[in-house]
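J.: Taken in order, these protein sequences are the chains called A and B.
Sequential numbering of the first sequence, starting at 0, is according to numbering that gives the first Met the number 0.
Sequential numbering of the second sequence, starting at 0, is according to numbering that gives the first Met the number 0.
Do not rely on the hints blindly, as some may be mistaken.
A pair counts as met if it fits within one copy or between any two copies, since identical chains are not told apart.
To be verified - Pairs of lysine-lysine residues, derived as DSBU-like cross-links and limited to a Cα-Cα distance of at most 30 Å, are as follows:
no., residue 1, residue 2
1, K75, K141
2, K194, K140
3, K194, K52
4, K194, K141
5, K194, K142
6, K77, K141
Simulated from the structure, these hints should not be mistaken for lab results.
2 protein chains.
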Amino acid sequence: MIRRGFPVAARLSHHRVLPGVPHVLPRLTSASAFGSSTESLVSEFCVEKTDLKDYVLPNASWFPDMLSMYQEFLEKTKADGWLKLPSFKSNRDHIQGLKIPSGFAVSSGTSSDQGDWRIFTRCIQVEGQGYEYVIFFHPTKKKSVCLFQPGPYLEGSPGCAHGGSLAAMMDETFSKTAYLAGEGLFTLSLNVRFKKCFPAAAAGRGLVPVRVTMSSGGPITDCPACLGPTTEEGGVPRK
Amino acid sequence: MIRRGFPVAARLSHHRVLPGVPHVLPRLTSASAFGSSTESLVSEFCVEKTDLKDYVLPNASWFPDMLSMYQEFLEKTKADGWLKLPSFKSNRDHIQGLKIPSGFAVSSGTSSDQGDWRIFTRCIQVEGQGYEYVIFFHPTKKKSVCLFQPGPYLEGSPGCAHGGSLAAMMDETFSKTAYLAGEGLFTLSLNVRFKKCFPAAAAGRGLVPVRVTMSSGGPITDCPACLGPTTEEGGVPRK
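Here chain A stands alone, though its shape is the one from the complex (with noise of 0.2 Å):
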C-alpha cells in the first residue's frame, strides 16, 4: 500500500551537492573505457535487448506529476536531443561488451541474467514501492534530469524518505551523467545538504526532478521544482 497526502517536503541543497562524482580515475588500467566518446558509450550503454524489463517505463503507481514530467522530457526526446536512458535490472546489463577497469575483469561479461545482481536504485521491483525513477540525458550538453519517486519502502523517519535514499538516487544519477560525458564511472565524494524532510509516496508530490550539469569542475546541480508542500503549507525544515 502506498501512502499519500504526508504533509512534509524537502528541498535539496542548491550548492555543494557531490562535487566529486565524475571525476576520472586516475589509476585505472589502459583497459578502462574512460576516455571514450560520449556518442560510443551512450550507444553501447543504450543497448537493444527486448529480453530485459526496461524499469523506466510509466507503471501504475506513478503520480500525476510524475506521469506528466515524464511525457514532458518524452517530447523533448523527439526534437530537443535528449535522450530517454533504458535501465534494466542490473548494470551488467548496460555494459556488455564495454572494456572495464581490470579489477572488474572477472564480471564485465556476466549478465545479470547469468545470477540475481541488481543496481541498488532497482533492488525493489514491487511496482511502487521503491526507486520509481527515469533519467534522461543529453549528450551535447553533457546534462541529465533524473525524474523520481519515492515509495513506502524508502523510509527513514515515518512517513519521511530516508535520507540515504535520496542521497542515492542522487549518486545515480551523477554517475550514469559522469559515466556517458566519458569522465569516470565511480563516485569519488557525494555531498549533500538536506533542507526539508521528503514524503515517501505521497500522492503527487513523491518527485524530485533533479538536475545535473557537467561541467569542467564537475558536476553542479540544482533542483529548481520541489512538489512537495512549502513551509506554509505544512512542510517540515530541516534546519
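Given the coordinates of chain A, assemble chain B onto it according to the supplied hints.
T.: Here is chain B on its own, set in the frame of chain A:
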C-alpha cells in the same frame, strides 16, 4: 545467489564524513522527542516486541568475519556497557509512544503492521541479498559501531557496492546514534569521500565497521578496519 571473492576493496575517508548528521532541528515543535535523555530514548527505541522480526540476528548469509565481529561486540554488551540495537521492519515499530514533531503526528502511532512501510536499510528482506547489518550503541560514550555486509542487490558497477548504498548505511548509523543521543532525528548534511571500490557480497570481505563518536561539533567517524584486499592485493583505488 551471492557472488564471492570479487577482488576489490573500499576504504571510506577518515575525514569529512557526515559532519552534520546529529544537528538538532531548531524549528521542531515542543512536542518533539529531542532533548529527551539518552536513557529514555534508548528504552523507548529498544521496544520489547516478540511478534516483530529483529533483523539484527545472524542468519545463514553472514560471512565469517561478520559473525566473528558480531560475537566480539556481543561480549561487550555483557560487560562494557554496549547495547545491541534491535532493528524491526520500520522505524514506526521503534518509536511507538514517542512524541514526534507535529508534522509527523499523522503517522506517529501507526505500526508497520498496519501498512507496508519499511526503513530503507531493511527494504530488502531476502537474507543476504541486500543490507545485512547490526548497530551496537554505547549510551555513555554516545558511540556506535555498525557491522555491515552488502549483498548483490546493492550493486553499482559490476561486483561493486553502489556508493549510495554505502552512504545510506552510514547515514542510518549516524542518524540512529544522533537520535539516541538526543541530538536530533534528521540528516542535515551527508558528506562522504570514497577511496576504494567495495565488493558486494565478496566472501568474508563485505564488511565495513563504521565507528561513530558523538561530539559537541557533531559526529566524527573512522573506518579503522577494512577487510577487503589492499591495492597490492588487487583492490581498485577510486583515486
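J.: Would you mind marking each hint as holding or not holding in the structure?
T.: Structure-based check of each hint:
1. In this assembly of identical chains, the alpha carbons of K75 and K141 lie at most 30 Å apart only when taken from the same copy (15 Å versus 52 Å across copies).
2. In the homo-oligomer, the alpha carbons of K194 and K140 lie at most 30 Å apart both inside one protomer (28 Å) and across protomers (29 Å), since each shortest distance falls under that limit.
3. Proximity of K194 to K52 under the C-alpha cut-off of 30 Å is found in neither arrangement, the shortest distances being 35 Å within a copy and 33 Å between copies.
4. In the homo-oligomer, the alpha carbons of K194 and K141 lie at most 30 Å apart both inside one protomer (27 Å) and across protomers (25 Å), since each shortest distance falls under that limit.
5. Proximity of K194 to K142 under the C-alpha cut-off of 30 Å is found in both arrangements, the shortest distances being 24 Å within a copy and 26 Å between copies.
6. In this assembly of identical chains, K77 and K141 lie within 30 Å of each other by CA distance solely inside one copy; the values are 17 Å within and 56 Å between copies.
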